[in-house]
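Line by line, the protein sequences are chains D and P. The opening residue of the first sequence carries number -12 in my numbering; numbering runs sequentially from there. The opening residue of the second sequence carries number 1191 in my numbering; numbering runs sequentially from there.
Keep in mind the hints are simulated off the structure, nothing from the lab. Cβ atoms here follow ideal geometry from the backbone N, Cα and C, with glycine treated the same way. Treat the hints with caution; some may be incorrect.
[To be verified] Cβ-to-Cβ under 10 Å is the rule here; a few derived chain D residues that face chain P:
| hint | residue |
| --- | --- |
| 1 | Leu0 |
| 2 | His27 |
| 3 | Pro31 |
| 4 | Arg36 |
| 5 | Met84 |
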Amino acid sequence: MARVLLVGYGNTLRGDDALGPMAVERLRPQLPDTDCVTCHQLSPELAQRLTEYDLAVFVDAAADGEPGSASVQRLSSETAKRASLTHHVQPATLMMMARTLYDRSPDAFLVTGAGADFANREGLSQNGRKAMDEICRLVLRLILERT
Amino acid sequence: MPTITIDPITRIEGHARVTIQLDEQGEVQGARFHVTQVRGFEKFCEGRPFTEMPALMARICGICPTSHLLASSKACDDIMAVRIPETGQKLRRIMNLAQITQSHALSFFYLSSPDFLLGMDADPEERNIMGVVRKFPQMARDGIKLRQFGQRVLETLGGKRVHPGWIVPGGVSHPLQAEQRDQILAEIPEAIRITHSALQWFKGQIENFRVEIRSFANFPSLFLAMANSSNELAAYSGWLRFVDANLNIVADHITGTNYQNYIGEDCNDDSYLKSTYFKPLGPTEGMYRVGPLARLNMCKSMGTPQANEELAEFRELERHSVLSSFYYHYARLIETLFSLERMRSLLNDSEILGKNVRAHATPNSFEGVGVMEAPRGTLIHHYRIDQNGLIESANMVIATGHNNLAINHGVLQVARQFVKGKILEQGMLNRVEAVVRAFDPCLSCSTHAVGQMPLEIQLIASDGEVLDQLRR
């Protein structure tokens, strides 16, 4: 059976930026065989962990796009751009690190939901909630199709 | 006056900028380090129950929450006037050592190693952690593994890697389990191997950085760190001591009750970061440094065998104290070795699995001060409470504040060395940043960033003409 890692990242104190962690928490009970991780931001240590899985799905909030919508992007280690800031590591960068350092990286996808309100507060906006529904639908489909 | 602005400084913890003022002849006249974010923790915790302070204060930063958790809990211990059970003290020390390990690993491997490995003049597109991954994969793997180890210890003890709990006023919330201890112990040998390897590599590189060593905040200053009666490196408990550049003690046995007699704090119009100074000498003469360099200069012994051997070698760099801030990096590695060795001895202590880890009390004092050594230097939390245990006022003196005057002085020194004429070069720009990075300033950047932050430096003539411009 394919080993799956689901990573939701974002700041839960910045409104719709919490989409990633909140979506993963909502999905956790529905995906008992998936390892779920939530964090504020991605860090290089995750690169090593990625090598333990066949499939990795990252979930993040986006400040652009139609608020309330969600989209899927396939990741590859080749799509990594420059990464000078340790505070802002992109999923593709982690994939590249995993491939370069450990000679292995999983099949990976980034699911992003477009938020509308990133103010200092807890909880999602109306569009944020709509985006979360979309994210959950896309993530479930991605994982169920591949496991 | 022509001004060069570097905004933001990259590969530090938080957002800051540097301005460099040139005179009419194009020579560097002045330089300033500005911290451009306001956090406001001292103000918005007013009115909160003092028992909430450790959890609140840990939110100051995503890199060093454990240090604030510890200093805050110590201030609350002081308010409650409790004696922490021996096992609780030792467990807190382990947590602090894990914090030092993960923070120093981050600073050395992720933030600073691109400069050492790829060169100060390398293309900034390449001079970053990904450049290290591509060209020096073993070094990158080692850095990831060492930081991972430190974070895993924090997670094992505190429940999570960032903003862990567990440390509470009176001790720690629950005892250590045998399997947790064994799991940490099993990983220490590899962490020590990595640290030795990095030390050997760094020592071999020193000759290549002679110019930077000479000009990176290399000047006489006072040093402040915790001290104890054995004169071993003190990271968790002790009193404060100031020494001068010749290592003569200028003030000793400073405690939470009298630190304000010795440490003055100044506010600046152009930065949210306060500048502290040695009060008896005033803000001009009272500049001092804290952190790994200060701690290694001050202690007579690290207190652990392998780190002691490294300290002896470190001492051979200079006759008295080691003055170049470039050596902060070296000191960080020696402290990492110390942390791992000390962690191992504490975990092997026969009492470490003891169940008595917390003392309980209500407030017995209206004031409390917690002092400890964070990875970047001395950290002080000072609270006053009212009759109901609510915070009336809070004052936090952080390592980067202690170092602020020295950072400013260092930026000026390095700008004078490397900024020449009307043409800007990336290598010059990076050296100005790198001297700031040597201090590993932590500007509390735990907010998830949206978008890519630009770095821009402009050389502006006195008539406003942009003579040169670099952008990243």
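Here is what the structure says about each hint:
Because the smallest distance between the Cβ of Leu0 (chain D) and any Cβ of chain P comes to about 9 Å, under 10 Å, the interface hint for this residue holds. The interface hint given for His27 (chain D) is met, as the beta carbon of that residue sits about 6 Å from the closest beta carbon of chain P, less than 10 Å. Annotation: Pro31 (chain D) was flagged as interfacial toward chain P, and the flag holds, the nearest CB pair being 6 Å apart, inside 10 Å. The interface hint given for Arg36 (chain D) is met, as the beta carbon of that residue sits about 9 Å from the closest beta carbon of chain P, less than 10 Å.
For Met84 (chain D), the interface hint holds, since its Cβ comes within 10 Å of a Cβ in chain P; the closest pair sits about 5 Å apart.
When the structure is compared with the earlier hints, no violation turns up for any of them.
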